[in-house]
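Asks: The residues making up each chain are set out below.
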Amino acid sequence: MDMSQYLEIFIDESKEHLQTMNEILLELENDADNLSHLGEIFRIAHTLKGMSGTMGFTKVADLTHKMENVLDLVRNGALKVNSQIIDILFECFDALEEYIDHLEKTGKEGDLDSSELVRKLAVIAETKSVDGIAAASGKPTKTEAKVEAKVSSADESSSEFHISLNDIEDVLRHAFEQEVNPFLIRVTLDEGCMLKAARSFIVFNTLERFGEIIKSYPIAEEIEDEKFDDSFELLYFTKLEANYCKNELMHISEIKDVLVQPLTEDVLTVSKTPQKDVEVELEKVESKEVESKQKEDSAASKTAEKAKTSKTVRVEIGRLDNLMNLVSELIIIKTRLEDLDTTTSKGFDQNNRNNMNEAIEYLERITTSLHDAVMKVRMVPVERTFNRFPRLVRDLSKDLGKNIKLFMSGEETEVDRTVIDEIGDPLIHLIRNSLDHGIESPEEREKSGKDEMGFVALRAYPDGNTVVIEVEDDGKGINPEIIKKKALEKKLITVDEAELMTDKELINLLFKAGFSTVDKVTDLSGRGVGLDVVKSKIEAINGTVEVVSNLGQGSKFIIRLPLTLAIIQALMVNLNEEKFAIPLNNIKEITTIETGKITMVQDQEVVLYRNKTLPIIRMKEVLEIECDEEPLDELIVVIVKKGDVEAGLVVDSLIGQQEIVIKSLGKYLTGIKAIAGATILGNGSVALIVDPNQLF
Amino acid sequence: MNELKEFVTFRLKQEYYGINIQNVENIEKVLPITRIPYTPSYVKGVINLRGIIVPVVDLRNRFGFESTQTTDEARIIIVNLDELKIGMLVDASSEVLQIYDEDIDASPNVRKDGSNEFVKNIGKKNGRIIMLIDLYKVLNLEQHNE
Chain A
65 MDMSQYLEIF
75 IDESKEHLQT
85 MNEILLELEN
95 DADNLSHLGE
105 IFRIAHTLKG
115 MSGTMGFTKV
125 ADLTHKMENV
135 LDLVRNGALK
145 VNSQIIDILF
155 ECFDALEEYI
165 DHLEKTGKEG
175 DLDSSELVRK
185 LAVIAETKSV
195 DGIAAASGKP
205 TKTEAKVEAK
215 VSSADESSSE
225 FHISLNDIED
235 VLRHAFEQEV
245 NPFLIRVTLD
255 EGCMLKAARS
265 FIVFNTLERF
275 GEIIKSYPIA
285 EEIEDEKFDD
295 SFELLYFTKL
305 EANYCKNELM
315 HISEIKDVLV
325 QPLTEDVLTV
335 SKTPQKDVEV
345 ELEKVESKEV
355 ESKQKEDSAA
365 SKTAEKAKTS
375 KTVRVEIGRL
385 DNLMNLVSEL
395 IIIKTRLEDL
405 DTTTSKGFDQ
415 NNRNNMNEAI
425 EYLERITTSL
435 HDAVMKVRMV
445 PVERTFNRFP
455 RLVRDLSKDL
465 GKNIKLFMSG
475 EETEVDRTVI
485 DEIGDPLIHL
495 IRNSLDHGIE
505 SPEEREKSGK
515 DEMGFVALRA
525 YPDGNTVVIE
535 VEDDGKGINP
545 EIIKKKALEK
555 KLITVDEAEL
565 MTDKELINLL
575 FKAGFSTVDK
585 VTDLSGRGVG
595 LDVVKSKIEA
605 INGTVEVVSN
615 LGQGSKFIIR
625 LPLTLAIIQA
635 LMVNLNEEKF
645 AIPLNNIKEI
655 TTIETGKITM
665 VQDQEVVLYR
675 NKTLPIIRMK
685 EVLEIECDEE
695 PLDELIVVIV
705 KKGDVEAGLV
715 VDSLIGQQEI
725 VIKSLGKYLT
735 GIKAIAGATI
745 LGNGSVALIV
755 DPNQLF
Chain B
66 MNELKEFVTF
76 RLKQEYYGIN
86 IQNVENIEKV
96 LPITRIPYTP
106 SYVKGVINLR
116 GIIVPVVDLR
126 NRFGFESTQT
136 TDEARIIIVN
146 LDELKIGMLV
156 DASSEVLQIY
166 DEDIDASPNV
176 RKDGSNEFVK
186 NIGKKNGRII
196 MLIDLYKVLN
206 LEQHNE
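In the order they appear, the protein sequences are chains A and B.
Sequential numbering of the first sequence, starting at 65, is according to this note's numbering.
Sequential numbering of the second sequence, starting at 66, is according to this note's numbering.
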């Protein structure tokens, strides 16, 4: 069977499961006695085992199977949770994650070797299981219901069957009359059996060739759902001999043992006389079953509840893009209608025009809500990115010998899916930076009178049309003097420049390419990526990053991301015959400036505006447009801001504010200076979007 | 092997050129082209091809011919190469020609004008000569891939 079509689903689901596993492992570390955590991990390992087994990924299946063994011991109280076990579970988690990553990239399991890990797990399972059994018999297990749920495996040694015969006496009697042999059969599957349901199906099929299966324990549906441990029981009518049946069944692979017990007519009388007892006992069993079921149910509902909070609809990004395209088309049509309205309104009578206006308003409402709806589909909580950080901080602080606590808040803040994918690496980098360079060693901290425990805070919150993510630490902060020295050494700035720079400007040199304050590249932050890459990655998704630092008190990196990427408000301007869009969120104000007031400072035109020097940028020069007309007395200037810096863009005329759909220029035309993309105007022509951030 | 290959042919000045039909997505009438700054002169600009922004290369400019006013006959041939969609502005598009492998020769490399380096092969059909162009070179993709 071709499984490739399920691969994507498998990867998605596995990732989700692994994410939960990661969270629980971290919780478990703090709360080692909490059995519900263990149960949860066990369930995840079990699910992964089942899924990977079906997909034919034997390594994953093998690893999870061994994990299950160990977890089972822990769950039954045979093994105590200690840091070693948690470490090994983390190792397993890492290995699994690596397998899944590899699968995602190549579609194959890869040849990552986890045999060592598997061996370790096996050793634990084996050695501890000996003590474990003793311990288990010595002290009563805490989770009786769970033991009850596992009744079939516990009872394996005894030959008592669970199938009750009292309700099928008539059938039995009839069978004896017909000289059909009734058998009770217990089939035990191999422990490593991956597809228990499939195996049992084969068993059923085999038996039904020669006779009839009357009853099974557990019931057939549960067997199909693999809701049994290793064995199941059947009441079987056949004319064949017991041994023959057994042989037939033993031929099926992955069957460990088959126990066939013939029923004689005695059972009828036996079951008749102590019927009451049996019934009582049955009731007991049933009530216990109900109990265990209830427990299971409550556990299930608990997980369901948990799952609900992060319930996501998996939508193929391509379909979403298509939807986005439709919306953009709608917006284009809307703009076209508006055009039509203004150009032809002279020929219309008042009534017509009103209708037209109404129609446009309606269309506008639709497009706005459609836009919102689509955007919401694309939004995911930043939790998806955040939840790998506790682990990162845990591991790093262990490696560094620092005591560091991570605070996270605002994980529920939502941003566009594309942003989520892009923001992970920069954040990892910033957090590594904080841990590695920011926070001092415990001794140093003590010396400077700080709490020995360092802290890193990761916060996300929406702020107007943007989402802010902050990475803050209470470390030593950034020393502008050191940066100045470094920058001079690396010839990033000249001595003169350095003299003029403020501390803030100096600190922002960190983001310049070729700058790294630590001489030796450590394993931690030395992945060949500097802060300049962080900056360019964030800017690539139209975000900004800045840093605030107080020497000795810590530093804070502030990332601002746009909520949406695809549709923005923009100001349309004219330059000669060409139209350009300037994103509205870059624009501070629009004004006119007298040409006479412009002065030249260091080859740069500037003007004094509101008591500040404002650099003037001639858009026609920047965009390689011919400029042949007479110089004007008054210039139309669009003042744009980038952080605290402002500049005035000179344009010919203003068209107005418009909602525009950002389109990429494609791979053929990449890295074009000053251009962020293109958009399609109402008349179908293309206008370029100016990226003011690249102008100064 | 005498395979039959199909080429979309187009005219530039008085000569006919061919592109493997596998690379041709469609042929469009000339749409409004928006100029893009900071691009080589042969990149004429971008067009809106039903919601997708497609760059257009002016083949006259690329081949070193003088540029003229585009006529009604002018077309933009949309080619698809390595998942890139690029338009090529030509003077006119012509028919699809089927040429046998054995009728395709190596480029003679005699002419020394600009278009020479872009011609990979020469195809013959019914006494006509079609210059088969190397799209990678024409679109400067080798440089792009670096």
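Bear in mind the hints are in silico, worked out from the structure with no lab data behind them.
Take these hints with a grain of salt, some might be off.
As the list claims (entries may be wrong) - Per label pair, the in silico range of CB-to-CB distance:
#	chain 1	residue 1	chain 2	residue 2	range
1	A	Thr-432	B	Asn-91	28 to 38 Å
2	A	Glu-685	B	Asn-67	57 to 67 Å
3	A	Asn-638	B	Gly-116	39 to 49 Å
4	B	Thr-133	A	Asn-640	16 to 26 Å
5	A	Asn-638	B	Asn-205	39 to 49 Å
To be verified - Coverage of chain A stretches by chain B, computed from C-beta distances (three or more under 8 Å per stretch; other residues unrestricted):
#	segment
6	385 to 398
7	440 to 450
8	725 to 738
Being a predicted model, the structure only gives us computed values, none of them experimental.
Idealized CB from N, CA, C, for every residue including glycine.
Asks: Please flag the earlier hints that this structure goes against, numbers listed from lowest up.
Replies: Violated hints: 3, 5, 7; rest satisfied.
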